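When the letters of the first sequence are read in order and numbered with our numbering, they come out as residues 212 to 719.
Keep in mind that the hints were calculated from the coordinates and are not lab data. Predicted, not measured: the structure shown is a model, and the values here were computed from it. Yeah, the Cβ is synthetic: ideal placement off N, Cα and C, and Gly gets one too. Keep in mind that the hints are not guaranteed to be accurate.
[As the list claims (entries may be wrong)] Beta-carbon label-pair distances, calculated as ranges:
#1 ASP287 <-> SER346: 41 to 51 angstroms
#2 ILE587 <-> LYS567: 21 to 31 angstroms
#3 GLU273 <-> PRO580: 12 to 22 angstroms
#4 PRO580 <-> ARG310: 51 to 61 angstroms
#5 GLU436 <-> GLU572: 39 to 49 angstroms
#6 LYS332 <-> GLU506: 43 to 53 angstroms
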Amino acid sequence: MKSTVCRVRFAPSPTGPLHIGGIRTALFNFLFARNRGGEFILRIEDTDQARFVPGAEQYIIESLKWCGIQYDEGPDIGGPYGPYRQSDRKAIYREFAERLIAGGHAYYAFDTPEEINAKRKAAEASGNTFQYDWSTRRQLNNSLSLSSGESKKRVESGMPYVVRFRMPENDEVSITDLIRGEVVFRTGLLDDKVLFKADGLPTYHLANVVDDYLMKITHVIRGEEWLPSLPLHILLYKAFGWEDVMPSFAHLPLILKPGGQGKLSKRDGDKLGFPVFPLQWVDPVSGEVSSGYRETGYLPEAVANMLAMLGWNPGTEQELFTMEELIRTFSLERVGRSGSRFDPEKAKWYNQQYLKRKTDEELAAMFMPVLASRGIERDPGWIAKLVRLIRERIVFPQDMWEKSFFFFQAPLQYDQQMVKKVWKNHTAEIIGALSVQLLEVTDFSSTVLEEKIKSFAERQHMGTGQIMAPLRLLLVGSGTGPHLFDLMELLGKDETVRRIQKGLHEIH
RNA sequence: GGUCCGUUCGUCUAGGGGCUAGGACGCAAGGUUUUCAUCCUUGUAACAGGGGUUCGAUUCCCCUACGGACUACCA
Numbered sequence: 212m213k214s215t216v217c218r219v220r221f222a223p224s225p226t227g228p229l230h231i232g233g234i235r236t237a238l239f240n241f242l243f244a245r246n247r248g249g250e251f252i253l254r255i256e257d258t259d260q261a262r263f264v265p266g267a268e269q270y271i272i273e274s275l276k277w278c279g280i281q282y283d284e285g286p287d288i289g290g291p292y293g294p295y296r297q298s299d300r301k302a303i304y305r306e307f308a309e310r311l312i313a314g315g316h317a318y319y320a321f322d323t324p325e326e327i328n329a330k331r332k333a334a335e336a337s338g339n340t341f342q343y344d345w346s347t348r349r350q351l352n353n354s355l356s357l358s359s360g361e362s363k364k365r366v367e368s369g370m371p372y373v374v375r376f377r378m379p380e381n382d383e384v385s386i387t388d389l390i391r392g393e394v395v396f397r398t399g400l401l402d403d404k405v406l407f408k409a410d411g412l413p414t415y416h417l418a419n420v421v422d423d424y425l426m427k428i429t430h431v432i433r434g435e436e437w438l439p440s441l442p443l444h445i446l447l448y449k450a451f452g453w454e455d456v457m458p459s460f461a462h463l464p465l466i467l468k469p470g471g472q473g474k475l476s477k478r479d480g481d482k483l484g485f486p487v488f489p490l491q492w493v494d495p496v497s498g499e500v501s502s503g504y505r506e507t508g509y510l511p512e513a514v515a516n517m518l519a520m521l522g523w524n525p526g527t528e529q530e531l532f533t534m535e536e537l538i539r540t541f542s543l544e545r546v547g548r549s550g551s552r553f554d555p556e557k558a559k560w561y562n563q564q565y566l567k568r569k570t571d572e573e574l575a576a577m578f579m580p581v582l583a584s585r586g587i588e589r590d591p592g593w594i595a596k597l598v599r600l601i602r603e604r605i606v607f608p609q610d611m612w613e614k615s616f617f618f619f620q621a622p623l624q625y626d627q628q629m630v631k632k633v634w635k636n637h638t639a640e641i642i643g644a645l646s647v648q649l650l651e652v653t654d655f656s657s658t659v660l661e662e663k664i665k666s667f668a669e670r671q672h673m674g675t676g677q678i679m680a681p682l683r684l685l686l687v688g689s690g691t692g693p694h695l696f697d698l699m700e701l702l703g704k705d706e707t708v709r710r711i712q713k714g715l716h717e718i719h
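Assemble the whole structure, with the sequences as input and the hints as a guide.
What follows is the structure, encoded as structure tokens:
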């Protein structure tokens, strides 16, 4: 029987773009599910109307798609346990909240946010902290302190209320986290969390537990920021009587900022000098643009690989993994416990590794749109040849232009430092003579050119370097670039000679 | 403040009672390439501190320090 298929979920809240930490959580869920032949579900947790950001859900979906993280059930593709958007499940939750109240695990609370805030302020003023918990709830406005008739009257009269969990005064919750081992909490220190808000929607805690139960989730893999609310969640499962189907929990270490002040956050945007989002994001209100890995030139497979290695490792020295390999190798046992500082340099290295694995044709295909945007159109075969000459020196596809622009335009100016360095008294004369000879070369290929130019240098009793450096300067305008003879071949005889003539006039 | 989690090179990490503490990124040097890049070689650099336990602790235990998360009618 296949009763033990695992089902995991990624449950982001559409309050803005997903950042790479969120992507990593999704990735680990995905890898875990695929590794065990289970299902991976995307569930949108949009119970906070105030923080809803238009476009965020679509962004999340596109980001996952781009990274190669496919889910089996989700808001856009449906599935047997839908709907997968909590706002569409609104009708479900109230009943569960009431069930909790009936069982004595929760209660109605009528305190207004203002009243609670005032309590907090007052406590703060006297150096204390106010907490809505077993020690204070008797003094507050709720169905535990009020007579049952009074609270019933209030509820029925339509007075705003919330439902709070009745956190036990003296209990201990112990649970084995798949990553952290045994974790113990004393309930007396915990507060009576709101489960159901006055706006008729559940809070994360209720919705999350109810949905995980309803969707038959077997493993909850989420960020470490959720660890403090784990006891609440466990107690909820118990209160509902779902203990026997309660999922296992795994709390992932956080991704920290490179600088070292806390976890990476959405608000970091571009402030850190590298993208924190998978895709570019334009804030719908402010119009502020935050760059994305995709637009910066990162390959999705590089991003996935890089993210996988943040907090997880295979225990071998392998660092480059295809998604298939990650799926095969992944396990929660090899996820570390401590937070990882994100390293933008390593991210670049990963990208370069993946770029190196592309064929000339693939790189050419990436380059053509860049050229097109500059009004340049060339034969794909020719572009592939060009790409071959520059591919070793790029980190991003965009770098290809910077490394090859001189193929499309003769130098407008010449690097003066290089001119000083390589331009000697007789240089112009000698190169002039060479260019005449080049005109006679019928097979203008790299190998032939190399042979011709080397023998020319010999006849002039010069080092080849003394010829090649000025030649490069003339052709490219600077001292660096691809292999000179390959460059000449690709440029072709006419253009090569034209540039030499032009340069000879302009350099003194 | 309270609760919980964590701590191996600058960074990501392997390891785990006895190892020259391994790899990768970065950085540095050398070699190849008459340039640059690639590539190769080498180097750089770590077990937070203090107590235990032990013949022996980086590894196990405790404390301290430091870091982090959480502490909303947000997720």
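*What hint numbers does the structure not satisfy?*
Every hint satisfied by this model.
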